[in-house]
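Taken in sequence, the protein lines are chains D and H. Mind the numbering: the first sequence is residues 1064 to 1178 in our numbering, read in order. Mind the numbering: the second sequence is residues 1096 to 1211 in our numbering, read in order.
If you are wondering where the hints come from, they were derived from the structure by calculation, not from laboratory data. Values in this document were obtained by computation on a predicted structure and should not be read as measured data. Glycine included, each C-beta is placed from N, C-alpha and C at the ideal position. Take these hints with a grain of salt, some might be off.
Said to hold, decoys possible - Pulled from the structure, derived: some chain D residues nowhere near chain H, Cβ distances all over 12 Å:
#1 L1076
#2 L1082
#3 S1089
#4 L1107
#5 Q1108
#6 K1112
#7 D1117
#8 E1127
#9 K1132
#10 F1135
#11 R1140
#12 E1151
#13 F1153
#14 L1174
Claimed, not checked - Partial selection, computed: residues in chain H whose CB lies under 10 Å from chain D:
#15 P1103
#16 K1136
#17 Q1137
#18 M1140
#19 G1148
#20 T1152
#21 G1156
#22 S1190
#23 N1197
#24 Q1200
#25 S1209
#26 L1211
Stated by the list, open to error - Cut-off 20 Å, straight-line C-alpha distance, at most; resulting in silico cross-link-like pairs (EDC-like, lysine to aspartate or glutamate):
#27 D:K1121 with D:E1151
#28 H:K1136 with H:E1182
#29 D:K1112 with D:E1127
#30 D:K1165 with H:E1154
#31 D:K1112 with D:E1078
#32 H:K1136 with D:E1151
#33 D:K1134 with D:E1078
#34 H:K1161 with H:E1117
#35 D:K1134 with D:E1151
#36 D:K1165 with H:E1182
#37 H:K1150 with H:E1117
#38 D:K1165 with H:E1158
#39 D:K1165 with H:D1204
#40 D:K1124 with D:D1148
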Amino acid sequence: AQSVSQHNHHVILSEAASLELGCNYSYGGTVNLFWYVQYPGQHLQLLLKYFSGDPLVKGIKGFEAEFIKSKFSFNLRKPSVQWSDTAEYFCAVIMGGTSYGKLTFGQGTILTVHP
Amino acid sequence: GAVVSQHPSRVICKSGTSVKIECRSLDFQATTMFWYRQFPKQSLMLMATSNEGSKATYEQGVEKDKFLINHASLTLSTLTVTSAHPEDSSFYICSARAGASNQPQHFGDGTRLSIL
C-alpha cells in the first residue's frame, strides 16, 4: 500500500542544534512532496513543497528539504533550531495518478526545543 | 492569504445527535475540499474529497451515509456526522485547495467532536 513514514515520533533538541527529520514514502511514480508544521493550538501550515526541478527546496523560517528519488526520501533540515520551532511536523505526499491530488500524511514528528 | 475557517471548534453532544461542521475558504475559491480525521497520537487520515457541485469521493472504509459531505459553493463545504456515537468522537480537520491537483492544501483549525 502507498504510505508515508516518518522515522522519529519525538525529537528533543537544545537551541542552536541542527535538525533533520526523516520522511520516506512508498511509491515508484511521480510525487509531489510537502512538509507541514502544526504549532501548539494552531492549524497545519505549509513549510515547503517540492514539485520538480532542484531537489533541494528552501522553505519558510530557515527550513529546507532534500528530495532523494533513489531513496524515496524527503528529509527536513534546519541548521540551527530555535525554541519557537517547537511543534509537530508532518510529511505529506501526493502520489501521481491519484484523483484529486489527495495527500497521504506521515505519522508526524513532535519536535521539542529546549532554550 | 489562503485562510480556511472551520466551525465549530468544539462540539459536545449526546449519542444519536447529528452534528454539522462547516469549512469555509475565506479569501480564495476552493475547487476541492478535503475532510480528515485525526485520532490521538496518529496522523491525519483522509475521509473524503469533494469538488464543488459534485458528489464527494469517500476513502475506503468511510461510511458515506454516516458522514455526509456537501460542497455547495466554491467557499463552503460541510460535514455532517449523522446519528453520532461515542466511537465517532475525534478531531476532524478540513482543508481546501484552489486550482491544480498538485497545489498545496490549506487547513482549518479542526473541530474536536465529543459524543457522550
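Results for each hint:
{"no.": "1", "hint": "L1076", "result": "holds (20 Å)"}
{"no.": "2", "hint": "L1082", "result": "holds (20 Å)"}
{"no.": "3", "hint": "S1089", "result": "holds (15 Å)"}
{"no.": "4", "hint": "L1107", "result": "violated (4 Å)"}
{"no.": "5", "hint": "Q1108", "result": "violated (8 Å)"}
{"no.": "6", "hint": "K1112", "result": "violated (6 Å)"}
{"no.": "7", "hint": "D1117", "result": "holds (16 Å)"}
{"no.": "8", "hint": "E1127", "result": "holds (17 Å)"}
{"no.": "9", "hint": "K1132", "result": "holds (17 Å)"}
{"no.": "10", "hint": "F1135", "result": "holds (18 Å)"}
{"no.": "11", "hint": "R1140", "result": "holds (20 Å)"}
{"no.": "12", "hint": "E1151", "result": "violated (10 Å)"}
{"no.": "13", "hint": "F1153", "result": "violated (7 Å)"}
{"no.": "14", "hint": "L1174", "result": "holds (15 Å)"}
{"no.": "15", "hint": "P1103", "result": "violated (15 Å)"}
{"no.": "16", "hint": "K1136", "result": "holds (8 Å)"}
{"no.": "17", "hint": "Q1137", "result": "holds (7 Å)"}
{"no.": "18", "hint": "M1140", "result": "holds (8 Å)"}
{"no.": "19", "hint": "G1148", "result": "violated (14 Å)"}
{"no.": "20", "hint": "T1152", "result": "holds (7 Å)"}
{"no.": "21", "hint": "G1156", "result": "violated (13 Å)"}
{"no.": "22", "hint": "S1190", "result": "holds (8 Å)"}
{"no.": "23", "hint": "N1197", "result": "holds (5 Å)"}
{"no.": "24", "hint": "Q1200", "result": "holds (6 Å)"}
{"no.": "25", "hint": "S1209", "result": "violated (18 Å)"}
{"no.": "26", "hint": "L1211", "result": "violated (24 Å)"}
{"no.": "27", "hint": "D:K1121 with D:E1151", "result": "holds (19 Å)"}
{"no.": "28", "hint": "H:K1136 with H:E1182", "result": "holds (16 Å)"}
{"no.": "29", "hint": "D:K1112 with D:E1127", "result": "holds (9 Å)"}
{"no.": "30", "hint": "D:K1165 with H:E1154", "result": "holds (10 Å)"}
{"no.": "31", "hint": "D:K1112 with D:E1078", "result": "violated (25 Å)"}
{"no.": "32", "hint": "H:K1136 with D:E1151", "result": "holds (11 Å)"}
{"no.": "33", "hint": "D:K1134 with D:E1078", "result": "violated (29 Å)"}
{"no.": "34", "hint": "H:K1161 with H:E1117", "result": "holds (16 Å)"}
{"no.": "35", "hint": "D:K1134 with D:E1151", "result": "violated (24 Å)"}
{"no.": "36", "hint": "D:K1165 with H:E1182", "result": "violated (25 Å)"}
{"no.": "37", "hint": "H:K1150 with H:E1117", "result": "holds (17 Å)"}
{"no.": "38", "hint": "D:K1165 with H:E1158", "result": "holds (18 Å)"}
{"no.": "39", "hint": "D:K1165 with H:D1204", "result": "holds (19 Å)"}
{"no.": "40", "hint": "D:K1124 with D:D1148", "result": "holds (9 Å)"}
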